[in-house]
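Asker: Position chains B, C, D, E and F against the provided structure of chain A, taking the given hints into account.
The lines below spell out each chain.
Protein chains: 6
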Amino acid sequence: MTVAVYPGRFDPVTNGHLDITQRAAAMFERVVVAVYDTRDAVFPIEERVKMFEEAVKDLPNVTVKPFHGLVVAFARQEKANVLVRGIRAFTDFEAEFDMALMNKKMAPELESVYMMASLEHLFVSGRRIREVASMGYDAGDLVPPHVGSALRRKFAR
Amino acid sequence: MTVAVYPGRFDPVTNGHLDITQRAAAMFERVVVAVYDTRDAVFPIEERVKMFEEAVKDLPNVTVKPFHGLVVAFARQEKANVLVRGIRAFTDFEAEFDMALMNKKMAPELESVYMMASLEHLFVSGRRIREVASMGYDAGDLVPPHVGSALRRKFAR
Amino acid sequence: MTVAVYPGRFDPVTNGHLDITQRAAAMFERVVVAVYDTRDAVFPIEERVKMFEEAVKDLPNVTVKPFHGLVVAFARQEKANVLVRGIRAFTDFEAEFDMALMNKKMAPELESVYMMASLEHLFVSGRRIREVASMGYDAGDLVPPHVGSALRRKFAR
Amino acid sequence: MTVAVYPGRFDPVTNGHLDITQRAAAMFERVVVAVYDTRDAVFPIEERVKMFEEAVKDLPNVTVKPFHGLVVAFARQEKANVLVRGIRAFTDFEAEFDMALMNKKMAPELESVYMMASLEHLFVSGRRIREVASMGYDAGDLVPPHVGSALRRKFAR
Amino acid sequence: MTVAVYPGRFDPVTNGHLDITQRAAAMFERVVVAVYDTRDAVFPIEERVKMFEEAVKDLPNVTVKPFHGLVVAFARQEKANVLVRGIRAFTDFEAEFDMALMNKKMAPELESVYMMASLEHLFVSGRRIREVASMGYDAGDLVPPHVGSALRRKFAR
Amino acid sequence: MTVAVYPGRFDPVTNGHLDITQRAAAMFERVVVAVYDTRDAVFPIEERVKMFEEAVKDLPNVTVKPFHGLVVAFARQEKANVLVRGIRAFTDFEAEFDMALMNKKMAPELESVYMMASLEHLFVSGRRIREVASMGYDAGDLVPPHVGSALRRKFAR
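Those sequence lines, one after another, are chains A, B, C, D, E and F. Okay, so the first sequence: first residue is 65 according to this note's numbering, each after it adds one. Okay, so the second sequence: first residue is 65 according to this note's numbering, each after it adds one. Okay, so the third sequence: first residue is 65 according to this note's numbering, each after it adds one. Okay, so the fourth sequence: first residue is 65 according to this note's numbering, each after it adds one. Okay, so the fifth sequence: first residue is 65 according to this note's numbering, each after it adds one. Okay, so the sixth sequence: first residue is 65 according to this note's numbering, each after it adds one.
Keep in mind that a hint or two might mislead.
You can't tell identical chains apart in this list, so a pair holds if it fits in one copy or across any two.
[Claimed, not checked] Below, simulated DSSO-like cross-link-like pairs (lysine-lysine); rule was C-alpha separation at most 27 angstroms, straight line:
1) K218 x K169
2) K218 x K143
3) K218 x K168
4) K114 x K168
5) K129 x K168
6) K121 x K218
Derived from the structure by calculation, the hints contain no laboratory data.
Only chain A is shown next, with the shape it has when bound in the complex:
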């Protein structure tokens, strides 16, 4: 059985993240979305997990879990054999290249696969959405509806 881990900060989950998850769920038997438990996030870890869970509630083979530490350690614990990464653009790829080689060194049995963002999500990142939302733009159509509401509450003045 192929178990894939899809790690990220997901601060918050965007339509781009959701798209990658759906595509991975169609390809692999089980997908574990791994939400990185970092302190400098806008949304606390519990809320980031809950928002992603709500977004994938119709995908039976997807689960969402928080993690901290090395993603390869988390993947081992989940008995995953695949690491899924979404690529949006060149800058992303450069960082991935480095990390892929380090991950391979740390966990040779874990296979990394990359999926490109769909055209309509090429410019949609958590960071960009936090940025424009904090400046008063309603990014509601770039994220799932309940995340749009959360962004509005978070940055309401």
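Answerer: Leaving out everything else, chains B, C, D, E and F in the frame of chain A:
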């Protein structure tokens, strides 16, 4: 069932191509290596197919087939749902980016996944091997043994 | 008066080229589309000019002309002060960077401005369209209608 | 009438910024330099605005204004139809690519145009100048004279 | 006599840094490793200098010194005519490009040369090692033995 | 003794090539300019060698020689321990990265060093010069004077 197509010129198959094939074969149920039938190759299409077949003869879920025309049309014909691409470096990625978007437009149901070359194959491409072999370098340890012999015969003086 | 030259092979004109032309025409008083008279094109120069003219017939401040030789010489002859270039992706940009510096050296008075392709045209180039059309794909919705017909006639079997 | 907004931190204005402003002022009827009101700047917003104003006092169609929040909102308020961006190198371009697509989403009516830095300013950025000035290098010939004086006062020991 | 300065944070020195130093020492008559005295390092400057000294104790033409301020000023003080930089990947190169042009402006007599990381060190950076070591991974085989011990002590829990 | 080989097509030698040669000659004891004997050049190999020799006649530690086949084989034959490469921009670097790793595989004892083009030569390549010269532009100030004459004769109409 997940059927993956791994297309390329494979002129000739290298250890890097073989590595991607083995890794894809561990992840997907069936892998079809698709050898592009182009006229300007050093090795004729039959020989390129045969050399790849010899290299994967121990992988029961891998088959090797020639194709011409659009890779998305070949993938449909093989009822594949995944397209596997190996990425060696930045230049590769740039070309992939463009092609991925065009392929998505032509066949939205076909998922493209990217796998990075292993460290030891980062610089191994069919083109580079043809180039140095034609100048008298024995590239025998960068390709499967029978391909090394074929290169020696081809470029013997 | 700001006169802009928009040079290219336009073999054939795509919806992406058309989009850049429309946006330039909204910004500058006159736009001269300059079709490069190169011999290794799929469509002869007269046909490329005519296809572009048909596509912009509703834009009163746009004219289409063939040129050969240096684009900076053509721009001088047209009394243009701006050179418009569409950028689709990174590879494009790299080539532009070099050329921009050379053009500046040859014609310091000519200002180059760059406009990014719209999202839906990011992967649409003349080369890609010729390629897939020659393999039997109907690229009709990536080009103006009359260009779609021309492609079908050109690559009919 | 074409009104262009040229946004940036301008902390401080360099000869490179000035060059882009002059070239934009020759191409568009009105240019509004928009100085981003960010707190983590070395020079306070009033001083950054004043230094840029001093540098462009001979350009009648250029005005300098502070702004905060989304640049597209500021552009709308100024009734601008063009956003001017200077590109110095590849890293710049990567960030621009992302932002351009997001800006287009937020303000489809606003056209972004890119101008490349002149050869002699390719390596001149506000960040680099702050960095070397803070380490005691006199960057006086990379900025307008009055900015050179301000840098000397700021980093005097 | 050619004297080369090899500057960096070296927080801590890795096998990749050591490899560049050895290769530079084989090419130039004297190599001065210049450890940048920055406050936000994990290891204090004295310890970073000492760890590098220990790693190169068998290379008679290499010395290790701390520095702060501009690297070109330090190079002048050491009467160096060459600046050695290791390049690991594309992102590195982009930053180098900018800095090289600025350094040339500040010290035209100082020649910068670039050496590429060996294949096995392509993914080994001080930052990556600090990151994975802080998460509990033993990076002992990516750094000299005594640095491995120092990392274990630093991040022991 | 450090012997450096500086290989290229040099079709024709430009001021950029000359600049790299001078800088290498100041750093290494002997520099061998290696002119690649390729058939598809505009200037025949003898002329390319002679033009480069004329350009470096005042540099006593520089010699110019034709070569064909693998550059690493030529370097061995010259007992060189260093390979010098000029880098003009990103595209250059990408190709170098691949080649460097292959060269290291073929000749581990040969050290590759990279030098960046000076600012004023960033856009000057043999290819660009042939291109604009063939279109009637006098590229005389981008190449040594005698090469300018040769270009004028070659492309005279």
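Asker: If a hint holds in the structure, say so; if it does not, say that too.
Answerer: Tested hints:
Taking the closest pair of Cα atoms, K218 and K169 come within 27 angstroms of each other only across two copies (22 angstroms); inside a single copy the shortest separation is 40 angstroms, beyond that limit. Proximity of K218 and K143 under a CA criterion of 27 angstroms is satisfied in neither setting, with 36 angstroms inside one chain copy and 30 angstroms between copies. In this assembly of identical chains, K218 and K168 lie within 27 angstroms of each other by CA distance solely across copies; the values are 25 angstroms between and 38 angstroms within a copy. For the homomeric pair K114 and K168, neither the shortest alpha-carbon distance inside one copy (30 angstroms) nor that between copies (31 angstroms) is at most 27 angstroms.
Taking the shortest Cα distances, K129 and K168 sit within 27 angstroms of each other inside one copy (23 angstroms), while across copies they are farther apart (30 angstroms). For the homomeric pair K121 and K218, the shortest alpha-carbon distance inside one copy (23 angstroms) is at most 27 angstroms, but the shortest distance between copies (43 angstroms) is not.
Taken one by one, the earlier hints fail for this structure at numbers 2, 4, listed in ascending order.
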